[in-house]
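K.L.:
Whenever a hint applies, use it, and build me the whole structure from the sequences.
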Amino acid sequence: MRVISNPVLQFLAAALLVLVVIAFGTGRLSAQAANEEAIADSRAITRVLAASVAEPALPRGLITGRPGALDRFDRAVLDRLLVDDVQRIKIWDASGRIVYSDETALIGEQFTLGDDERDVLQHGSTEAEMSDLSRPENRFEAGSGGLLEVYTRILSPEGEPLLFEVYFSAAQVADRKEAVFSAFRPITLGGLALLVVLTTPVLWVLMRRVQAGARARERLLRAAVDASDSERRRIARDLHDGVVQDLAGTSYAVTAVADTLRADRPEASSRLSEAGDSLRTSLRSLRSLLVEIYPPELHTEGLAAALEDLVAQANGAGVEAVVSVRDVDAVDEDVVALVWRVAQEAVRNSLRHGAADRIDVTVDGRGGAVLLEVSDNGRGFEPGAVDATEHFGLRGLRDLIAEAGARLDVRSSPGAGTTVRLEVDVA
Amino acid sequence: MNHTTAQNRGLTTRLAGAGTALVLAAGALTLTGGPALAKDGDVERSGSCSGGTSWKLKASPEDGRIEVEGEVDSNKNGQKWRWRLMHNGSRSARGKATTKPPSGSFEVRRVVVDLKGTDKLTFVARHPKSGEVCRGSVKF
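Quick note, the sequences are listed as chains R and V, same order.
Take the numbering used here: the final residue in the first sequence is number 1655, and no numbers are missing along the way.
Take the numbering used here: the final residue in the second sequence is number 144, and no numbers are missing along the way.
Among the hints, a few may not be true.
Here are the in silico distance ranges between beta carbons for each label pair [to be verified]:
1) D1343(R) <-> K84(V): 55 to 65 Å
2) K120(V) <-> D1347(R): 25 to 35 Å
3) Q1350(R) <-> R113(V): 39 to 49 Å
As a list, the in silico DMTMM-like pairs of lysine to aspartate or glutamate whose alpha-carbon atoms are at most 20 Å apart [stated by the list, open to error]:
4) K143(V) <-> D46(V)
5) K120(V) <-> E1337(R)
6) K62(V) <-> D46(V)
7) K80(V) <-> E136(V)
8) K120(V) <-> E1283(R)
9) K120(V) <-> D46(V)
None of these hints come from the bench; they were simulated from the model.
Note that CB positions come from ideal geometry on N, CA and C, so glycine has one too.
P.N.:
In structure tokens:
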């Protein structure tokens, strides 16, 4: 994932893609241009061979198949006709008979001429087309990998029109394509490659600066969070060591005085008892507030007490809250912290949204996993109507839950309360 | 030593020529003697001309064609001969040649088209001064 999100690699991948697209595009264009150029060249070569080599050397008697005429023509022109990429020569008469070919097995064979070939015989133009190598007259070229055939008209000494046909190798077209492509290559691919080479270091430096800036901002943010935590810890500690202790002492003292006066001054004793109760209620609320301000130092032994403090606010609000913790002695403190934070969110949401009158918090460390369940008997909600984890403010814990490999499940239905269930493997 | 060898060879040639003179008189086909068909291999025939000169004719396959080699050995240097090569009765090539040392012979080489079916190749050489004619054929 880190590799995929690296901007430099993303840039290089995009540049590579562009290079491939341009190479493909220029390849197609150059192939098209090369085809046209190769065909034009082949037409020109065919016309030259016909006019300057074949036609002047045609002896009388060739068109009637006289062997001596064939021999003389073959010896006179064979080496001069099979030049460059010329793969095959055929000379046809108007009936479709091959009167001469460098492939002597074809001489004298009869085939059907196409419309284009008959048209050239009649009007004398020069035509070109890809050879159909499946045709019987092309059986000797079947394995040549593609041929371009060009034909034009020549006249025998007897005045008979003949079709002079030259077959060129497809390799010539490939060579032309490479020649055209190589002309464009320095401008297109070379230019783009140079641009990539020049911009990659610049992008690399920019990315390093951005990353350094991000790290600096993260450090500042972490320092701010640490400072806030430190301040909250200090306030919580001061309240716990000062006000909470004072209130606790005062409540015990008031209760003791109320007990002393119960026989002699029952009215005053009753009022003092009420005052003591009020002080204890305020003390629970204050402890819940302290838990909210800064979570306690969590460890396995203190998880039950921390959860008791967490639900103290529920008790103060008239909600019956029951905490049950068992078999978490060997559990890692990170898991304990996660359990506590999820429980904190779940209890908070039950009190805010659930309108419940009972909350059960259970933690069970048996079976190789720690299972937390926070369930209430409140109004619940419709599953699917909202994202439960979002609704319950557990979004902030998502990363922690994922990192711990834990599974979070929120179950609810209208009128049937809500159960938040966290399972963390500890084996 | 060389002189003796040349004499012996000349005698041998004359004896061979005398031996085949009757056959020559009977006609060229008798001289060439019905050669075997050999599209895949060489065909070689030899014989004597009308005046005691010997001839040799060889046909070999060559890339869809036939290489024809005709040789006339008169044992005399500087003789001017006219020759022609016939392919299925049609003139394929002709020319002039002079016998040269050390053997007093000349050789002609031509390539002809290998046609469908049997190709009959006939080599004819004539010495205008003496009127001697050499004629040999092979079928390929």
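K.L.:
Look at each hint and say if it fits the structure.
P.N.:
Results of checking the hints against the structure:
For the hinted restraint 55 to 65 Å between D1343(R) and K84(V), the CB-CB distance of approximately 57 Å keeps it satisfied. Remark: the range hint 25 to 35 Å for K120(V) to D1347(R) is upheld by a beta-carbon distance near 30 Å. For the pair Q1350(R) and R113(V), the supplied restraint of 39 to 49 Å holds, since their beta-carbon distance comes to about 42 Å. Taking the CA atoms of K143(V) and D46(V), the gap is about 11 Å. The hint holds against a cut of 20 Å.
Note on K120(V) and E1337(R): the hinted pairing holds, with a Cα-Cα distance of about 10 Å set against a maximum of 20 Å. Taken as a hint, the K62(V) and D46(V) pair is honoured in the structure, with Cα atoms around 7 Å apart against an allowance of 20 Å. Distance check on the hinted pair: K80(V) and E136(V) sit about 13 Å apart at the alpha-carbon level, within 20 Å; holds. For a cut-off of 20 Å, the pair hint linking K120(V) to E1283(R) is broken: about 25 Å separates their Cα positions.
Pair hint K120(V) plus D46(V) holds up; C-alpha atoms about 17 Å apart against a cutoff of 20 Å.
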